[in-house]
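Participant: Sequence:
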Amino acid sequence: MKMMNKLKKYTPRINAVKVATGTGLMSLAISANAALPDDVKNAISAAKADGLEAGWLVVSVIAALFVMSIVKRLLR
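Read in order, the letters of the sequence shown correspond to residues -34 to -1, 1 to 42 in mature numbering (1 follows the signal peptide of the UniProt record, and there is no 0).
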């Protein structure tokens, strides 16, 4: 129980450190991206779009398999 109380005591501080670290890293990533040539920025945005499209394809395949399993159960 003592350990749980100590964790509760220090959890807000740990979360604040995580947020501060994440914010600092994001600002570094943004400034690093600003110094890139336009061709590289366009390639990064195109890769992001391709990644999103691939992700939605995976989700749609999983949804189709789920629907097919439901239909199989109903036909039995």
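Note that these hints are calculated values from the structure, not bench results. Treat the hints with care, since some could be wrong.
Listed next, with one range per pair, are the computed distances between beta-carbon atoms [what the hints assert, rightly or not]: (1) Asp16 <-> Arg39: 52 to 58 Å; (2) Lys(-33) <-> Ile36: 47 to 53 Å; (3) Arg42 <-> Ala12: 42 to 48 Å.
Idealized CB from N, CA, C, for every residue including glycine.
Participant: A separate judgement is required for each hint: does it hold in the structure or not?
Facilitator: Evaluated hints:
| no. | hint | verdict |
| --- | --- | --- |
| 1 | Asp16 <-> Arg39: 52 to 58 Å | violated, 36 Å |
| 2 | Lys(-33) <-> Ile36: 47 to 53 Å | holds, 50 Å |
| 3 | Arg42 <-> Ala12: 42 to 48 Å | holds, 46 Å |
The structure does not agree with numbered hint 1 stated previously, though it agrees with all others.
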